[in-house]
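Position chains B, C and D relative to chain A; hints supplied.
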Amino acid sequence: MIAPDTAAPVASQEPIHQGSFWLPKAVSTLAPGVDNAWNIVMWVCVFFFVLVIGTMLYFMWKYKRRSENDVTSNIDHSARLEIAWTLLPLIIVMALFFVGLTGFMNSAVAPSDSFEIQVTGERWLWTFIYPNGTISPTKLIVPKGKPVRMVMSSKDVIHSFFVPEFRIKRDVIPGQYTSIWFEATEAGKYTLECTEYCGQGHSDMLATVEVVEPEAFKQWLESGGEDKNMPPAKRGEGLFAKWQCGTCHSLDGSRKVGPSLKGLFNRDETMNDGKVVKADENYLRESILVSNAKVVKGYEPVMPLFKDTLKDDQVDALIAYIKEQK
Amino acid sequence: MAQAVADSPIPEQSGTNYINAQKGILSWLLTVDHKRIGLMYLASTIIAFALGGFFALMLRLELLTPKRTIMDAATYNQAFTLHGAVMVFLFIIPAVPGAIGNFVLPIMLGAKDVAFPKLNLLSLYLYWTGALFTLSSLVTGGLDTGWTFYVPYSATTGGAVVKVTLGVFILGFSSILTGLNFIVTVHKLRAPGVSWFRLPLLVWALYATSVVQILATPVLGITLVLLMMERVLHIGIFDPALGGDPVLFQHFFWFYSHPAVYIMILPGMGIISEIISVHAKRRIFGYKAIAFSSMAIALIGFLVWGHHMFVAGQSHMAATIFSFLTFLVAIPSGVKVFNWLLTLWRGSIKYTTPMLFALSFMFLFTIGGLTGLFCGMLSVDMHIHDTYFVVAHFHYVMMGGTVIAFVGGLHHWWPKMTGKMYGEKLGALSCALVFIGFNATFFTQFILGSRGMPRRYYNYLDQFQPLHQFSTVGSWVIGLGFIVMAYNLLASLTSGARAPANPWGGKSLEWQTASPPITENFEVTPKVTHGPYDFSPEHQ
Amino acid sequence: MSAASHAHDDHDDHAHGGHGKDHVPHVLPLAVYLGTFATLLFLTAITVGASYVNFGAWNLILAMVIATVKAATVALIFMHLWFDHKFHSIIIGSSVLFLTIFITFTMFDTENRGRAEAIEGEKPADIRNPFKASERQADMMRNMGPISSATADVARPSPPAPASAAATASAAPVPSATVAPSASVSAAPSGSTSATPAPSASVAPSASASAKKP
Amino acid sequence: MSTAETTAESGKETELSPQFHVAHHFDSADTQFDAGRMGIWLFLVTEVLLFGGLFCAFAIFRSWYFDSFVEAHHHLDKVMGGINTVVLISSSLTMALAVRSAQQSKKELTAILLAITLACAFAFLCIKYVEYSHKFHEGLLPGKYFSAEGFHTKHPGVFFAIYFMMTGIHGVHVVIGMCLITWILRRTMRGEFSSRYYAPVEGVGLYWHLVDLIWIYLFPLLYLVG
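Chains as they are written, first to last, in this note's numbering: chain A, 1 to 326; chain B, 1001 to 1540; chain C, 2001 to 2214; chain D, 3001 to 3226.
Pulled out of the complex, with its shape left as it was, chain A reads as follows (with noise of 0.2 angstroms):
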């Protein structure tokens, strides 16, 4: 049974789990294709190392200057060896290309019956929309041993989806979709990374990809990702750790990229216009949904518009949370 959403907060990233000394476990039906080109491009250049610098040491040792008038050779060319060290290579280099090719392509065109999942990028958050609506940040719940499709754009700059077992990555480029697909073949807990720099928090913006049995993947499809009858202060508390609003609002008082929810409920809150306004209900539903409307003095306009992913009993429940923040 997947963890309800509203378990306690993620505590540690999931690790990557390692496969052999190099690769990290395969764990998609394309990761054994990528391993075995890696498997066969590792054995061409350690061949080729071990040809080049083993004949560089014998000459070291055997040619070292015995005196100062030793007479070297005078044979600078040999059109045999030019034509050999030109071909040779490239035979094989033609070889690595096709191999890189094959493993390309099954990657680049999704099973027609594959799964599709809708991805945004945003400055340091991901979000994953399933095709009946749920909405899940940081946290991709897919099917064992079905083709799973992910159609992603970005919101704002470029970031790029990769899932070291799954041996996949692609950029998610605001302005355009594209796409990339794996089938798991695997349960288990796993890291997606982005691997294209997006600015300060770069290297906090992970997700985890939770591959489960296709069963349990449909209850938690059909649940909408968590229960209803918590009380909503608890379930406040999930939706801040799922959102991770705490990367930006600290619940300490310290200041980070947004103002801290410490005892803000119906204080006075300035805004960078100069207004001050109370804090109530209105207010942080307001900053919650369109978070440029009011921003407070001193801080930058870049949480992400939540108007269009958080529901209103999400909004009431993270709303109970903030009221508890004394």
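It should be emphasised that the hints constitute simulated quantities derived from the structure, not laboratory data.
Any given hint might turn out to be false.
Below are the DSSO-like pairs computed for lysine-lysine, each with C-alpha atoms no more than 30 angstroms apart in a straight line [said to hold, decoys possible]:
{"#": "1", "chain 1": "A", "residue 1": "K64", "chain 2": "B", "residue 2": "K1288"}
{"#": "2", "chain 1": "A", "residue 1": "K144", "chain 2": "C", "residue 2": "K2132"}
{"#": "3", "chain 1": "B", "residue 1": "K1350", "chain 2": "A", "residue 2": "K25"}
In this text the structure is predicted, and so the values were computed from the model without any measurement.
This is chains B, C and D only, laid out in the frame that chain A set:
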């Protein structure tokens, strides 16, 4: 450095030479002598290298622990951006053509100076102006976009992006002028008897580099102008909201920046051809093959820039074409390495410091070049793109290649430049330190990268900490190696033995004149009768 | 190069500012210049005239051909390329060649976007919210060839994943009823940007395009 | 046209271009001039590629937003563009004739022709100013500032972004050309150029012809075809 050279009390040489021909700061700042301009380029680029190296050590220090160690995320982002920008635009592109090329190329051709001496000085002043603009971002607002300035981040973030883009735009002109000067010099100012196939291979390499500088740098110019227009006037060519395309910026940027990595490596390869042949006292093997592979690298280098964008939303057709051509550009580099290898065969190798650097270049550049095959394969690149594997690859090729070659060339021509001999033991020690430190730092990064550690990460997963710590210790050893080298070279200025005209027994023209040479390079323009690597007995 | 033989008896002394023989310029007759000028004006007239006629795609090609002929005339005669060292022609020729490489290789990318995956050719209507589809996009996606739920149930050769999850999960092409969280905001009195309750049908380009099997 | 004949014809007893000596590192005047010309041609390569970036952007966005490009280019004034083309071509002629007369050591004729070229360049800029003010007035501005009505295609802003970048940078190069021509004009008045030494005139001439050459491509692409 140049100041130390100019003012340090070099014991009175028997004759006058280009250093003591005129005295005083103005004689240096307004000189049109290619050797003095070369020395000033040397001093400026070494200061830039020290600054870039300092940033590198700060980065590695920060990565000792997964979370915050010594600086916060914003400072870290500025540090890796400036490390990249300073090292690429202020050191590795101008250093070899500017410092060693300016000094050695005219003498190797038997010419008195480069074709346009005043343009050469203008190139130096443009370098200083560009450096000023770029480094001014240190104090005003900083720059945290990475040295690649990817849009839309660079078009929307705060900081001194316009200042640095202007700085790099001016540095581009400095690079164009140097390239232009070298091409005309090689065509028009060869001494009698110096045919195209009697040119030293460093001249071929610098010629190929200049061709790339002329053809590629203007596109960087227009890219930066469009970026500045994007930021200031929001014209919308790169801004998706206004109909533009961020990936188009990457095409424009990499159309310059990939040939730029060949601007970086080709002069280094030229230096290696010189050092290996002279210190193995053997004719270079496959002269024509090496010369033509320099030109081949320069020209094919223009067809492959898309391999930086395999996963960047580029069409799959383009990715396939670029991957195919990327493998073609690997062939000439291979040909060069094999020919250098054969130059050692039946040679008489003397393990002087330049030779030690050349041999470590062979080791490191081979690893760098081979790991390029990983990045060229489309499916493998899907996994290792923008991870530490790519960081390790380009450090092996840029630092293990160009920097080691530059330092080897510096030691090789140090007697010619300063008239002083450096200490061989300290030189060997510095080479060993740099070699060991380099491998410790960057080979671990191959492992980090293939295990999934992304690039430009301030916080990283705990599982990568041991490897990062090992890499940081390695970077300290590199730092130590360069400090020993700096001490060794600077000390030689004051207490070094007087250098003979031809300490290594080289056969190319620069060894046939005094060290340090007179301002005119040669009393009478030499008449050349045979190739630059003719160590055969009758020409002993 | 052995110790370069010092040619002491070299007669035309290079050492300092050779007086050597003067440069004799190559001067063209006036008629050549006026002829080129007339050609250029004539070609300009043709290209302007041709632009009023609609040849479809040929307009661009014709304009480019005429422009190249004019450019070549200016370069060969006004800029003396015809009478100059051949290397100067190679220089300017190489610049045109590398410009062509730059344009064609970049267009390998921009012209072929969306050929492997149709979705990659599409541009979202609203950057800030890429998956709140505009009507045009939804229609386009709809008639991209819907995946009938039948195909989704075909038992796959690989371990037979229970089809039930796939059936319900695969996006039915019909705009799904569940309305995305309607952002009904009890408009704060002063909120200038109160988001009107937008019943955003969350059909985005989610009907996965009928991409070809790999 | 040997040197002796031109000296007699201009009836000047003063020695031609007295201030000119072959530079110490060149072995003859011919090599020095060839080197200078090759240097300028290499610089022209960088100019071609600088504008090349804009032509590439034009090509890509034209193929993407073909309808907005065609619609937007109707708003450009073909007549003004045509006049500008004729103006630039004639300035190219007068520049070439100026180089020719410098080669024949005809100081006055060179000065007159250079002045005419300057005048043409100035006329070009005036026409450009008229066009720009018309566009500013109608709101046909690049990217964000595009505020003209009556457009039913999506991206006319991109067309005007490229239009302003291309003609803007070309205009900057015309201004640089005018400064260079003024510098050459002053040196001609001081009698520095003759059949012995006219390299700077030829160099500026090559630069000016390239500026004209860029416009020869700009005009059909932006004004006629769009």
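Of the hints given before, which are not true for this structure? 3
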